[in-house]
Amino acid sequence: MTQQTAPLADEPAGARNPASAGGAVTLTGLGKEYGDFTAVHPLDLTIPEGSFFALLGASGCGKTTTLRMIAGLEDPSGGTVRIGDQDVTGLPPYKRPVNTVFQNYALFPHLDIYENVAFGLRRRGVKSVKGQVEEMLELVELGHLARRKPHQLSGGQQQRVAVARALINHPKVLLLDEPLGALDLKLRRQMQLELKRIQTEVGITFVHVTHDQEEAMTMADTIAVMNAGRIEQLGAPTDLYENPRTTFVANFLGQSNLIEAQVAGTSGDDLLLSVGDGRLAMPTARCVPSVRAGDKLLAGVRPEKISIVHADDAAEVPEGRNKITGRIVDASFIGVSTQYVVNSPWCPELAVFAQNVERDGRLVPGAEVVLHWSPAHTFGLDAAQDIEAGEVNA
Amino acid sequence: MPVLNWVRRHLVVFAGVAALAYMTIPNVIVLIFSFNQPKGRFNYSWNHFSLDAWKNPCGVGDMCDSVSLSLQIAVLATLGATVLGTMVAFALGRYRFRGRGPVTGLIWLPMAMPEIVMGASLGTLFLNMRIQFGFLTILIAHIMFCLSFVVTAVKARVMSMDPRLEQAAQDLYATPWSTFWRITFPIAAPGIAAGALLSFAISIDDFIITQFNAGPATVTFPMFVWGAAQKGLPVQVNVIGTLMFVAAVLCVVVGQLLSRRRKAHS
Numbered sequence: 001m002t003q004q005t006a007p008l009a010d011e012p013a014g015a016r017n018p019a020s021a022g023g024a025v026t027l028t029g030l031g032k033e034y035g036d037f038t039a040v041h042p043l044d045l046t047i048p049e050g051s052f053f054a055l056l057g058a059s060g061c062g063k064t065t066t067l068r069m070i071a072g073l074e075d076p077s078g079g080t081v082r083i084g085d086q087d088v089t090g091l092p093p094y095k096r097p098v099n100t101v102f103q104n105y106a107l108f109p110h111l112d113i114y115e116n117v118a119f120g121l122r123r124r125g126v127k128s129v130k131g132q133v134e135e136m137l138e139l140v141e142l143g144h145l146a147r148r149k150p151h152q153l154s155g156g157q158q159q160r161v162a163v164a165r166a167l168i169n170h171p172k173v174l175l176l177d178e179p180l181g182a183l184d185l186k187l188r189r190q191m192q193l194e195l196k197r198i199q200t201e202v203g204i205t206f207v208h209v210t211h212d213q214e215e216a217m218t219m220a221d222t223i224a225v226m227n228a229g230r231i232e233q234l235g236a237p238t239d240l241y242e243n244p245r246t247t248f249v250a251n252f253l254g255q256s257n258l259i260e261a262q263v264a265g266t267s268g269d270d271l272l273l274s275v276g277d278g279r280l281a282m283p284t285a286r287c288v289p290s291v292r293a294g295d296k297l298l299a300g301v302r303p304e305k306i307s308i309v310h311a312d313d314a315a316e317v318p319e320g321r322n323k324i325t326g327r328i329v330d331a332s333f334i335g336v337s338t339q340y341v342v343n344s345p346w347c348p349e350l351a352v353f354a355q356n357v358e359r360d361g362r363l364v365p366g367a368e369v370v371l372h373w374s375p376a377h378t379f380g381l382d383a384a385q386d387i388e389a390g391e392v393n394a
Numbered sequence: 001m002p003v004l005n006w007v008r009r010h011l012v013v014f015a016g017v018a019a020l021a022y023m024t025i026p027n028v029i030v031l032i033f034s035f036n037q038p039k040g041r042f043n044y045s046w047n048h049f050s051l052d053a054w055k056n057p058c059g060v061g062d063m064c065d066s067v068s069l070s071l072q073i074a075v076l077a078t079l080g081a082t083v084l085g086t087m088v089a090f091a092l093g094r095y096r097f098r099g100r101g102p103v104t105g106l107i108w109l110p111m112a113m114p115e116i117v118m119g120a121s122l123g124t125l126f127l128n129m130r131i132q133f134g135f136l137t138i139l140i141a142h143i144m145f146c147l148s149f150v151v152t153a154v155k156a157r158v159m160s161m162d163p164r165l166e167q168a169a170q171d172l173y174a175t176p177w178s179t180f181w182r183i184t185f186p187i188a189a190p191g192i193a194a195g196a197l198l199s200f201a202i203s204i205d206d207f208i209i210t211q212f213n214a215g216p217a218t219v220t221f222p223m224f225v226w227g228a229a230q231k232g233l234p235v236q237v238n239v240i241g242t243l244m245f246v247a248a249v250l251c252v253v254v255g256q257l258l259s260r261r262r263k264a265h266s
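These protein sequences, in sequence, are chains Y and F. For the first sequence, counting from 1, position 246 maps to 246 in full-length UniProt numbering; every step adds exactly one. For the second sequence, counting from 1, position 1 maps to 1 in full-length UniProt numbering; every step adds exactly one.
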């Protein structure tokens, strides 16, 4: 297995908090088995110091187990965990320079907010905690609630206490286990920006576990997409979105139209594909497997890259575009855009997102349409995969 | 019918008052008759007011010795059952081990079984083991039947505790020792306290099981009252009964005040 290294985020040098020195996380051959079940296949991963790193995947993919092994709450079946220069594999959680924000926060119900935040400092024998606790409560804007008990706070406030309780210890790495899962959508958006702001401010390495692909893309510098105990792909959000390497990533991160095609030949830097009796083109460089004429291939295109016109206006489609004809089976208006589902003889249920700039009243279910997109927006995946892997059944 | 409506609206209050009366009238009778000076040996009919019994509560034979014995046994039984029961509750609530199912079931047995059967069989056991009946046999018997109550109360608390709280403590530099005393114990404490209070209350008034396992020199207060009632009940029994009632009520009131203050404080 090759070492996967996430690129460092663009950050001005010297903006780092000195407390975060040595906050890189290096996992080597780290795996976890429960009897016959392998939760995490041995994985190698380096998370650079000061980065905001997301482990993204559906429930049961091994992302939380990986995080808990970094925290020391789970014993790995094999491999090592290093934080900075220190091998922490054999250390109990209370001796590791990491802190965790738990799912549902795990605030101590019998202690007030102040004592919850002070807990870590007191356990390390810090004499005067008052200044630090007050400062930290101000950072998360909860100073006025210091003497309340956790159950008297709203979900968003509890979440901020959990963050404050972890950050006050200046850990080298902050681990976040689905920290926003219990919040409603609006609050979640707000807290995403808030967490991102705090991370930029303190400069600590954040490792964030989530099943929400939008959340991962909004916050993280680097995302590792996990599936069935393995890292499927790792990269910056735009890179993962534009260049998925597997059907799982293509379907799990956003939505993709995957069209079964056959390689017909090449033309310059482009690959020519035949789909039914039609033709598509795509850049050879964006094709993951190396293919020859006659090979099968999955041609992928994101729904928002596709333009939709009524069949009567087919002549207006510029030359050199990939074109597919079909019939609208469903159209849902969602404000900023309209989402169409189009059935084509070559490919069922193509998704198309059209911005609501000028709406064409003829584009209703039953209408014959032409879909077209730039060949450059097409990516090619190995056809030997499950075409529906990673699809979210909404 | 405005009167009927008024009654209907306050039905809950009536029910509450009725239930309260039902529960307290016997205690009030005990209180009133502690100020009686009976004609004969039985304190069953009102003669005239007197403070004699209150001025000299230990005036009857060995009654105060029996009260003292009951208190000692109740305190020790509570202590033993609470420590042992808390450990059993943690074991049952936290760990999966061989025999966990049978133990969970057996814990209920002392609560479900008729006391008379349990007392008799325990007495037979002690007799066959040639253990002298006395303080120790009573204590062992009391710890046994108090254990179920402690285990049940504490286990409920342990099972409902989020395991992530202890993980969070460890994540925040607390050693296992410090995690137990700062997180686990305080959260389980209300369950432990409930189990202990129940144990004390059950132990101090147990008669049936105690009767089978007591020696000739160990007469607890309930045994004393039973024995005295055969040949005439001294008024002092009512004095002790009243004191016990007042102590129990005080316990409840203090408990309520404490929890109210904690709520207001937080």
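The set of hints was computed from the structure by calculation and includes no laboratory data. These numbers were taken from a predicted model, which means no experiment stands behind them. Do not rely on the hints blindly, as some may be mistaken.
Here are the computed distance ranges between Cβ atoms for each label pair [as the list claims (entries may be wrong)]:
| id | chain 1 | residue 1 | chain 2 | residue 2 | range |
| --- | --- | --- | --- | --- | --- |
| 1 | F | 109 | Y | 144 | 49 to 57 Å |
| 2 | Y | 104 | F | 134 | 47 to 55 Å |
| 3 | Y | 104 | F | 178 | 20 to 28 Å |
| 4 | F | 249 | Y | 212 | 51 to 59 Å |
Residues of chain Y placed beyond 10 Å of chain F at every Cβ, according to the derived structure [said to hold, decoys possible]:
| id | residue |
| --- | --- |
| 5 | 28 |
| 6 | 71 |
| 7 | 99 |
| 8 | 109 |
| 9 | 184 |
We put the beta carbon where it would ideally sit given N, CA and C, even for glycine.
Interface-negative label, residue 99 of chain Y against chain F, beta-carbon threshold 10 Å | Violated, since 6 Å does not exceed 10 Å.
Should the label of residue 109 of chain Y as a non-interface residue stand, given a Cβ cut-off of 10 Å to chain F?
-> Residue 109 of chain Y not clear of chain F: closest Cβ-Cβ about 7 Å, inside 10 Å.
Reported absence of residue 71 of chain Y from the contact zone with chain F (all CB gaps over 10 Å) | violated (6 Å)
Outcome for the supplied range 49 to 57 Å, where the beta carbon pair is residue 109 of chain F and residue 144 of chain Y | 53 Å Cβ-Cβ, so the 49 to 57 Å window holds.
Taking the beta carbons of residue 104 of chain Y and residue 178 of chain F, is their distance inside 20 to 28 Å?
-> Holds - the Cβ-Cβ distance for residue 104 of chain Y and residue 178 of chain F, about 23 Å, lies within 20 to 28 Å.
Residue 212 of chain Y and residue 249 of chain F - C-beta distance against the hinted 51 to 59 Å = Taking Cβ atoms as reference, residue 249 of chain F and residue 212 of chain Y lie about 55 Å apart, which means the hint holds.
Do the Cβ positions of residue 104 of chain Y and residue 134 of chain F conform to the proposed distance bound of 47 to 55 Å?
-> holds (54 Å)
With 10 Å as the threshold, tell me whether residue 28 of chain Y passes as away from chain F on beta-carbon distances.
-> At roughly 23 Å from the nearest Cβ of chain F, residue 28 of chain Y sits farther out than 10 Å, so the non-interface label holds.
Status of residue 184 of chain Y, Cβ more than 10 Å from any chain F Cβ = holds (22 Å)
Hint compliance for this structure: hints 6, 7, 8 are broken, all remaining hints hold.
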